[in-house]
Amino acid sequence: MIDPSWISGLGVILFGIGLLGAFTRKNAIIVLMCIEVMLNAANLNFVAGASHYGDVDGWVFTAIAIAIAAAEVAIGLAILLSLYSTQETISLDEASILRN
Amino acid sequence: MLTILTLTPLGVGLLLLILPQILPGSSADTLRKVNRSISFGVSMALFVIASYIAFENFGGIDWLNINMGEYQLMNDEPVTLISSIGVSWIVGVDALSLPMVWLTALLIPLSMLVEWDAKEGHIFHPLILVMEGALIGVFVALDLFVFYVFWEMTLIPMFFLILVWGGDDRKYASMKFFIYTFTASVVMLIGILIMYFHTGDIAGVSGSITGHHFNLLEMNSEMIQSEGLRHLVWILLLIGFATKMPSVPVHTWLPDAHVQAPTAGSMLLAGVMLKMGAYGFLRVAVSLFPESTVVFIPILLILGMSSLVYGAWVCMGQTNLKRMVAYSSVSHMGLIFLGIATMQPLGIAGALFMMFAHGIISPLLFAVAGAFKHHYHTLEIGSMRGIAHHSPYLAAHMMLGWMGSLGLPLLAGFVAEVAIMIAFWMSFGWLVILPALTLIITAVYYLNSMQKTIFESNDRHHGILPESLHGEEPRDITWHENTSMFILGILTVLFGIFPFIFFDMMSDWSTSFIQDVLLEEIINQGVKP
Amino acid sequence: MNLPLNMSEAELIIPELIMLAGLIAIILIPNFGDASFRIPLSRMKVPILIGGNRFKLTSNPKLPNRVSLAIFSTAFFFALMQTTYGKVGDTLEVTPFSRLFTLIFTAALILATIATTHRIPARANLNAPKDSDSENVATKKINALIDNRRQVDFHIILIMVGLGMSLMSMATHLFMLFVCIELASLSSYILVAFHKESKVGGEAGMKYFIVGSVASAIGIYGMSMLYLWNGDLSLDALALAWIESETVDPIAGIAVGLMLVAFGFKVGAAPFHLAAPDAYSGASSPVAGLLATASKAMGFVALMRILITVTMPESGEAFWFTTIAIIAVVTMTWGNLAALTSTNPKRILAYSSVSHAGYMLAGLAAIGSGLASEEAMKLILTAIVFHLAVLVVFKFGAFLVLSLLETEGRSHELKDLHGLARREPLIAGSMFLFMLSLAGVPPLSGFLSKFLMINGIVNVSAGTGTSDVSSVMDWVTSVEPVFWLAFAIVLNSALSMFYYLRIGLVMFFEEPENNKPMKDALSLRIAIAFCALFTVIIGIGPLSDSLLQMAADAIDSFISN
Amino acid sequence: MGETKNEYRLLLPLLPFLAIVPLLSLQSDSSPTDFAWLIVVAPFIMFPIILITGQVYNKNETWKNTWKEGGILGLAALSVSLSTTIWIVYDYLIGHADIQENTVASWLEWISFDVLQSDYTISQNRILGVDVWVDSLTLMLLFVATFLCFLICWFAIGYMTTDPINEDSNHRFFAEFVLFSLGMFGMVLADNFLWLFIFWEVMGLCSYLLIGFYYWKESAAAAAKKAFLTTRVGDVFLMIGLLILYDIYGSLDFAVVFDDPSTGIGGAVVESSQLFWALMMLFIGAVGKSAQFPLHVWLPDAMEGPTPVSALIHAATMVNAGLYLVARLMPFVDVHHHGVAGLEDFGLIVAWIGGITAFMAASIAFVQNDIKKVLAYSTMSQLAYIFTGLGSALYFLNTGDHHAGYFVLGASLFHLFNHAMAKGMLFMASGSVIHEVHHAHDHLHHGSDHGDHDFDPQDMRNMGGLASKMPVTSTAMMFGSMSIIGIPLIGGFWSKEGIIAETWAAYFHGETMMLGPALLILATAGMTGFYMSRMWFMTFAGQPKSDVIDHVHESTPWIKEPLLILTLITAIGGFALAILGVVDFLSNESQHLSLHGHSLTEQIIHELEHAFLPEDSKLRLVGWTTILLSFVIGPVMAARIHGGQLKEGQSANIFVGWLVKLSGKLGTQDVTWLAESQLAEALDKRLYFDDLYEGIISRTVIPFAEFSAWFDKNVIDGIIKQVESNSVLGSVQIRKVTTGSARDYILMATVGALCIFALLVGVNA
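Protein chains in written order, with this note's numbering: chain A, 173 to 272; chain B, 11 to 539; chain C, 358 to 918; chain D, 669 to 1433.
Bear in mind the hints are in silico, worked out from the structure with no lab data behind them.
Bear in mind the structure is a predicted one, so any value in this text is a computation, not a measurement.
Heads up, the beta-carbon is just placed ideally off N, CA and C, and yes, glycines get one too.
Do not take every clue at face value.
Sample of chain A residues lacking proximity to chain D, with all beta carbon distances greater than 12 Å (derived) [said to hold, decoys possible]:
1) A200
2) V228
3) W231
4) T234
5) A243
6) I247
7) L253
8) T258
9) E260
10) E266
Which stretches of chain B does chain C cover? Using the computed rule of at least three CB atoms under 8 Å from a CB of chain C, they are [as the list claims (entries may be wrong)]:
11) 41-50
12) 93-103
13) 179-189
14) 197-206
15) 449-460
Below, computed lysine to any residue pairings styled on SDA-like, alpha-carbon distance capped at 25 Å [claimed, not checked]:
16) C:K419 <-> C:D510
17) D:K1381 <-> B:I391
18) D:K1389 <-> C:A845
For reference, chain A alone in the conformation it holds in the complex (with noise of 0.2 Å):
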């Protein structure tokens, strides 16, 4: 059985990756994949938890945690498409006429 702790150690380099990547790409695409896995680090977490205490509500709040960044996904992704609509970008840094 895996530490626990490697396995958090783990989460904080991928939730690092995560939020770097999210204010260094430019692709909201990316950024969004970013976002899911800075959530994964979290779930790390939650299993790791889980492991450490013995406790079955880590599990579930993995699995809801999946869910919900599914969730995230789907509407990402469709915010994202009618954004692509309009603009015909994804940048975040071209898509920019709502400033100051």
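Position chains B, C and D relative to chain A; hints supplied.
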């Protein structure tokens, strides 16, 4: 009675503002006339009530023997407004507020009369009525929360008066007026809140979730333990009140507001709104924090003196009639601080009378200035000469008002000046030379401005008309303006010759005020009377 | 078999159940039609009512709107009438606190629904374009048809927002709290992006979504760390663990910090607020109003849960005190400064919303200073809740006015407000009233709430100065710094006055572009009038008293668990 | 003026007013002093009536012809005042009322208040009220005021209503005139310093209004302003004086203050230094009002007002207010009656100011060509005489020589009386001259009264030889001038002699500082002889210097009667009063005017002896020097320069004819070299005082005022504006952070999160 006096104009004014918008029909002109008549009628009725209150009481023994804390409440039962934080409706008047209430009730119909034919009259006159309610509310409320509410509420109608009916630069002026005074009064609000926080619960305001109340009558300085904090509260209050008065160096909103305001707005602004500052200062800051007041006499002295002297000098440098009159208000308000700083019953009575006298003289000044604007379309001193030919009545009113304001005996302003001066000499000796010399400066700028407007055309039959008239035939003032100014003029003379109508009452109040509130601190602080 | 919900518990959550039922109903009802199912092998047709040609009633495009209005109104009514409180399952608890927030949320949703009636107009009796129609007319007809089609979508999402928010206020479990917030948030992303045909609609939705998702991902990660730390995410357990740990565990501290980011985004605290003005100006006014009131209230509930219920020590300064205080000051100043020169009324309102978040955060900071007695803490919390409640009236009121403007086109420029007083004196008057209330001018309700806030801060701090000093300077130097939060609020109020008045100014001063009165949107007008009326009567008088009492009761229940 | 005969019926409305006082005296047993309020109230009531009626019925024929645009109404009010005054004066003179008895009784409790005393107790109910104070000083000045107001109002009806320039605005004149009378009467009657000051200021206002009566004339308006402001400077100091007095005595009532001036409120001993400053401040007020150096600049300019105004306000009444005030101060220094010792310096200062002004004004009068300006400087100079006299009186009283003090006090006040009568008359006469010359000019240049602006009807260089054309006026003017010069036996002689003699006496008494004033006024006596004579000769003797003069003739009766009455008083009144012991009466030494038990002849001889042959040989020398200077040298010089025979065929009446002839015989002297000298230039420029003041004001006051305005606009308000613009700038900057890119938002959020961590760690570490 006072409740009626406060709420009727508010209610009727708001109703007149809103109802016609909802009810369809009736032409704009009819509406204007109806609204105007109703507003004027209501304000006259309120004036009658106010006079009744005033004359019923100031002759009576009860009235003269007011002691601090034994207010003659017109409305006996405090009504709880917001029990959760201890707000209740307590109103009352004493010699400090009564003249102000009467003055307000007087000036409202007069200012309506001056702008009888204002454009968009269906809003104008009701707005002034709303103003009346708020102003009277400030003077009668004895609950600090309600006081503050009315205090800020006066800003709104005035903001509109300036914004909608003001001069060319009214946008800037109305914003400045509102933000400037609002800023000062929120600073004051902190002071009020510190006081509030230190009050204990009292019977009758139970159910307060905070355990505190706003009842001014139940507050005293002992409730705040820390002397430093007492001083801080006093200073916070002073900031709010001094800005309203206004005192140098926080006076610059006034000239802008005055120059841009319509005549009625200026009259009310100068006549009553400035007095709110002095009133509040006496009612709240001095009454509750006598110790700080005595400790900070130098501050009062500096503020008063700089307002008076500096204001007068600035007046001399003005070229705009209304601006000049506005600065003269600053200058005169300085005398009020000086009167309070003397810590003499006479000085305080003089300050009170100054509030009243300036309240009838300055509206006259502004009515005159407004008439210039109205009939000659300019306020530039020196752009015209010999106007007395064309507008003899205007010239006469100008003469009277100007003379009254420069403190000519037998006119109301003199009484206050001489009372303050006597007290000032008793307290500060030769320092009196500064205010005294300022009287000369005052005379200089008033005479100069008169010289350069109504006199000196070098032509027996014609004045030199301003270019802004564009060759129009100049007119004298209309009958409404004339009536209004005439009444103010008569009152100026009346209270100049018979000041005791209000002065004795004020004097008795001041005596008991000194005796009950300030004397102990004066002795403690070792201030030499 | 155990029912997941027994009757007594169901009674407690009637408003939520109504919304749930409504959600199902609003999905089903517009689909009712005369479709029938032929029993195989027979000629008998059984009407199944779903599909086919819709009935006249169910095909009416105005129906969803009415249904959702009815749902929110009933929910509001039941929430108002509720007198019994208790636990529902393990993760929900109905308290006066949650009920007050349900009221706030449903009230905001009612207003949003009314405004949407005119923002996304539904037109019954609309025909498809004919060949003879010109291109313009055809486009118009098609757009109207699209509007009709998506009526129901909008209201479904609206109800989901309501459901999420309402449940969230009851949550006693952190994970439940998060899930509910996600439900409401995800729905609100869609609402922001709802006007996908406009360029700004999609963009606003995208920004709000991306930034919001990042924030909530950070928050969830923080929550997961909290789980790692404690192993139990119910608020009670967390609070207990917090008290037991003598010093702040770094993991827990970081976890709370991460969650602050997520909730900070929701309330619009600097520097997490940046997407908010974009979202407000891109979204339709009703949605923006929803974000500024209900969504903000939701964020504050979460903040209060995490900061007060969980991490507030018994005595002494909370570890987050300085952070929140600084955020508060930065937030209010940033919001006001940015609004100062903005020319888009929605952005101005958005920034004003940011600054209001700052005021409320200042209140929270005052509690965190550890100087507050229980009384003072209650007072400040009451002030915050009261403020959130009255915000619905005047902030949403302002957005309603903007909605009215949107019925005739744009509301993105201050220019669109020019001369409103000439055209619509009452509307302009109401708008001015809302502005004054936002600025905190008495006797309006905005004043009362801000007043209570400053009052609370002063209450906490004014007693801290040394009492035996005689000079002002000594006192000033001895007073706890939290006292200056009151000054920060006051000075910011003065600063904010500038742009609030500017809106008044353009309405009353500038010449209108045209003099025509606006569209006769009666229900919207009535809603505006109601808001204006309540802005005044909640400011002073018995109604303000009872609302304050309600808030106080809510806080009592909030503190006690 | 054809309707001359009918004009008197216009006076009929006066009858009921004249009947008021007799009716009252019959009806009531009370002392006439109880009705003293009538003196003030009558004009007070009439003022608004005239003003408003005049404004409403302006241009109405009846109002114009029958009511003389309010003149008749004014006269009616003044007649009430006059008759009441006469009643009171009579009552006192016959000894019904006791002058010394004055009690504090407030007729009007103006304001009442309390004072926090230095022992921290509050005194109860101090009252500043007003009542009537009557003593000999009051009686004399009251009579002068009411009498002259009445006469000059009479004169004004004729003068003003026939002057086309005043068309339709005379109601304003009469209303202000009446208001002025109110101020003057009130000031004289007031029983305390405060009300004295109040009425004093009312007079100031009226002076302002009346000088600026021709308000459209720039010179008139400027003169009015100058008058008001200059006197205002004095008034402010006067007010400070009141404050000090009030602080010392706790009251401003004469009765309280004079009861025992050495004891202040609460029995405190009054320090002389304290009182000195109070008196000095009051004196500065008096200097301003009475146009003494250095606040004298306004009086010559004040001649811009209509001539009746000059006659009344700027010669006979208002300018005397300063003298009245100083005379009122006597009890403070009178060590004989509880006065405070050690105030000789005050007397010296008063005397010096008087001496300087007397000399300066007289020398400037040398070169004036405007007939009214000559009179104005003469007024200034004569008032200065009185000040010198009062200064001596103060000195004597304070050093304990109260006999001399009372004598010179009485003499000074007597001179005040004489001067008022004479100068009022002189101005009226000059008015008559101006009026007729103007008319003649208009007549000559028919219908073009706007055409010839160069012609100045007040310029004596346009006159000459008028003695034959204007017999009444020339006679009146001659007696008036004689009185002013101090020609023996006529009017002013009796008083002037006393002043000069006693001032010298003070010097002989050992006060070397008194030498200056004594020498100055002695010299001035001669100068007075010169410039008054010069004026007369230039106007009435010699050849006509302008073609206008041939058409001059005296016409309006309204103008003539007052002249005649005053001529009579000037010619013999002085002598008569001197014989009746007016000097002692005025200084409160005696109660009545009477022969003091002597026979008439005895008394005459006594007075003559006293005047011409005083016992002290030094004083005898001074007296004769004075007579020599003023009677011989001055007039003869003037006659030599400006005198001359009338035109062929013209003759003057016997009163003046001799003088004209005499002047013709004295020959001529050319003084062109003197007239063109630097000195004459300086005198013509009024010794540069006006330039000096104007220069100072335009270099200091006005720039400073402009600087203040600039400072207020750019610094005090500028700070506010700076805050505003900085906010706007900050706003623009901070809005730039919202770049519109979601990436940046996330970045900011991350930075924020890091900051939060930093804070959390930093604070808790």
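Hints, verified against the model:
1. A200: Incorrect as stated: the minimum Cβ-Cβ distance to chain D is 8 Å, not above 12 Å.
2. V228: 31 Å, holds
3. W231: 28 Å, holds
4. T234: Non-interface label stands for T234 of chain A: nearest chain D Cβ at 24 Å, farther than 12 Å.
5. A243: Non-interface label on A243 of chain A holds, nearest chain D Cβ at 20 Å vs cutoff 12 Å.
6. I247: 15 Å, holds
7. L253: 16 Å, holds
8. T258: T258 of chain A is indeed farther than 12 Å from all Cβ atoms of chain D, at 15 Å.
9. E260: 17 Å, holds
10. E266: 8 Å, violated
11. 41-50: With 0 residues closer than 8 Å to chain C, the segment 41-50 of chain B misses the three-residue bar; violated.
12. 93-103: holds (count 4)
13. 179-189: Holds: 6 residues of the segment 179-189 of chain B have a Cβ under 8 Å from chain C.
14. 197-206: Check passed, 6 qualifying residues.
15. 449-460: violated (count 0)
16. C:K419 <-> C:D510: Answer holds: K419 of chain C to D510 of chain C is near 12 Å, not above 25 Å.
17. D:K1381 <-> B:I391: 18 Å, holds
18. D:K1389 <-> C:A845: 21 Å, holds
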